[in-house]
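Just so you know, the sequences run in chain order A and B. Under our numbering, think of the first position of the first sequence as 1, with each following residue one higher. Under our numbering, think of the first position of the second sequence as 806, with each following residue one higher.
The set of hints was computed from the structure by calculation and includes no laboratory data. A quick note: this is a predicted structure, and the numbers were derived from the prediction, not measured. Any given hint could be a false lead.
Claimed, not checked - Incomplete in silico selection of chain A near chain B, CB under 10 Å:
id: 1; residue: 431
id: 2; residue: 434
id: 3; residue: 500
id: 4; residue: 502
id: 5; residue: 720
id: 6; residue: 729
id: 7; residue: 733
Unchecked claim - Which residues of chain A face chain B? A few of them, derived with a C-beta cut under 7 Å, are:
id: 8; residue: 22
id: 9; residue: 26
id: 10; residue: 58
id: 11; residue: 193
id: 12; residue: 714
id: 13; residue: 717
All residues carry an ideal CB built from backbone N, CA and C; glycine is no exception.
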Amino acid sequence: MSAPPFRFVATPRRVREDRRFVAGRGNYVADVNLPGMLHVALVPSQHAAARIVAIDASSALAIPGVRAVVTGAELAAAVDPLMNGLDTPRVRRLPLAVGQVRYNGEWVAAVAAESRALAEDAAERVDVAYEPLPFVLDPEQALRPESPAVHPDHGSNVLLDRTFVWGDVEQHFARSPRRLSFRVTWGRNSTVPVETFGVVAAWDPWNEILDVWASIQMPKYADQIARALRVPANAVRVHYDVDVGGSYGVKRGIKHTVLAGYLARRLARPVRLIEDRLENMRAGDAHGPDRIFDVAVAFDDDGVINSMKMRALDNVGAYAGRAPFQLGKPIGAIVGPYRIRSVEYRAISVTTNKAAQEAVRGFGQSPTNYAIETAIERVAAALNLDRIEVRRRNFIRKDEFPYLIPSGTRYDSGDYQTVVDKVLAHVGGPKLQQERDRLRQDGWLAGIGIAACLEPSGGNSAFEPLLNPKNTTTTWMESCRINVDALGHVTAAIHTTSSGQGHETLAATVIGEVLEIDPDRIRIVRPDSLASLPGNSPVGSRMAIMLGGAAFHAAEKLKRKLVAIAAQQFGCSDQAVDYAAGAVAERNGTRRLDWGELVTIAHRNFHLLPPGFEPGLEVTHVMQVPTGTALPTQDGRVQMYPCHSFEFHLVLVAIDPELGKPGFRRYVIGHDCGTVINPAIVKGMTLGGIAHGIGAALLEEFVYDDQGQMISQSFMDYVLPSAHEVPEIEIVHHCTPSPFTVFGQKGSGESGYLGAPAAVASAINDAVAPLGLAFTKLPIRMSELSDAVAAARASGKDRTRTGAA
Amino acid sequence: MKADLNVNAKAVSVEVEPRTTLLDCLRDQLGLTGTHAGCEHGICGACTVLLDGEPVRSCLMFAVQADGYAITTIEAVAPAPGELSIVQDAFCETHGLQCGYCTPGMILTAEALLRRIPDPTRADIVNAISANICRCTGYGQIVEAVALAAKRLAGSNVPRALPPGDGA
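Just need the whole structure built from these sequences, with the hints factored in.
Here it is in structure tokens:
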């Protein structure tokens, strides 16, 4: 389709934030250095589960420069438990363990000292006496009534067990000629930003205000701090001008902040708590989904899938938080890009003695996509059909949008067939397969990986009322304020921290587009939380849609003000003038007022303003998510996110059969996220998402041994992809605008990651299929690959050596 | 104990504990916060600085060990306040970053590479930056930035600065 007539949107423009970062002049939380600041180190639990018998801090407190050692018992008396997403009041969570530890590494006590080094020295001298308790790590074991309950007061390990049935699943299963079922497992990984979580808190007793600087990405952060610390919400001031060194979902450090805030008040000194890497990995409470899927599909002989049953069992670890909602969000795209007519979905969330889970990029969607895509692959294999052809036969067609899926979400738009066509044309049709076959003849285990999936975007919180009937939230807004000063310069305020998404560039581009003025001349500021309009932070792939939308509507309001001011001077109606590039002119006349003149009237000539106008030139807009404003129905149908980006991955992998080391020979992604506001930003997010997905598929996992000790605690054991592991990626663009957004934009913050794990798994499984092998658990490690290949070859099942493929 | 350091072509004398890392000394005592702590065990490269022009992990050495070397941090890369080096500008041009946390280390690694190999191949670039973890970008636009910087440096009439302490 032809490009819409934009001036700045969708054009290659620099990202304004980059200048300060390339100079090393970002303002990260570790750069906040307040006079008299104390530093915190944590005392970790050595056990997976144990009763805390006694804590002796005397030798720690004897070290000069150590100011306090605080325990869970002290903290529990002073602060309220942290918020749970589900209605599970007896799953109590506090920043420090109270009476009992529930996972290896859990914080038992905190030391505040004049330096971090001193605090660490003292933490080692805090003597904790434990009485070990039985523990459980495996989610299926955790389900059994005889298993030790992680929270005995809750009565069991089950936080959520709900079955949804959308459509006539049993009939579709009964009438379909074919059925198959399988299990796949998603290993516990996370986004693991290079910057750990950190917070600085300072209490001003004379003004009774808590100032907070944090590397945070969390909706309603200030509210949650205030509630837990039992202070008014207007006594918590979060500084949003802190640059966040990566988050991708997980930087929710509420327990860190409540602890630091408590210490800052008690000690009347600023307090800094910055995780070291070990604390981050082990007890930052930032692990991602850890999930077993049991899937059954009913389908026709031609590969059309009629119905799906999915059971998702998620191991959230020791505490609840928002993590169980990660089973809820995928309900908004539970059929992926496919026309599956009915679905049964059983979502089970259990506690175990692992670290607590947090929101991770995609909020549960990437694991779900991996399960759905595995179903497609299995159907193709069962029917001996081409894997892309099976996807095509099941795709929702372009002319069916907006398309209502069984679970109640209406997909906005899409053209999946065309994206696939474009990708296949890009790789030269059958050439990729020919290359795979050539590699196989050369002795490689070569495979083609395929994944088609959706990125729901524009995040609301429709999963909250869906999974917690006591929660009636349907509001999920974002805001923007624009002020034109008396000299005519434009300043816009955004009300969130950012972790690399380029929100300053986004807002400036959108406002410049609407006002037809140079975005580079627009100043973007971030007021603190007390000076901010309401917002919900950059979660759920929402900011292009929501901050972009709020900025657009604010700029439109400003434009309408300028038009009204001019029309007043001309003595005509607002409809008889035209706005262009900052000036307003009569449509059928010669009079014209330029930007400077209009600004002067607004700021200095009250006598010329239209009646009822406020002086100055300032507008605000608070925008609600475009759809998803209703509560769920009784049978559990709800409109989840408004927009649905599409991605189609096509990957060629060659595995060294001796080493088991997979290498990418080709990685192509077809991507359709509607109108792209800044191409460089979207490209970066997509490439970064794929890199993250490659990590999830091949490398990354938080592993616990059978004693409940976490054994992947450093970057030597938890391996992040380097430039060697990430191939050169080719992006094929397509644009199907969303009808629900101001420019037709959709989300892209999770792009790449939502399909890459499925695509890589698909490629590996295609490569090892001739050996009779299939991997059903991520990550597929090199060591497992080489062992499995060696065993298969030794058993004589190998068809690769006879040239069969 | 006292350490006499040469940081960004200036002589500074610092009082440090023997166990103080060069990273902590640069950040906490010299206020050079462009050098970032990522893993503090030598894997991620966010703390990269140049010692006599070679990239090193400032988290893996003690401040006192840096005595006698020319230390270059990100703060010394920009030619003037508000003015970017060719490498920094190339990172802006290709958007070879997102959150900016690994970026100072990446830029110093790239500066060192381009001094050593003025016309690097893609493999050279990948090899060099593979010492630094970036979680945002998937490296694609970083590789593009370094290649662009090489091209621009080759076509520029700016004298190629030798690493401090080298040559002269």
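| query | Broken hints, numbered, in rising order? | reply | 1, 2, 7, 10 and 13
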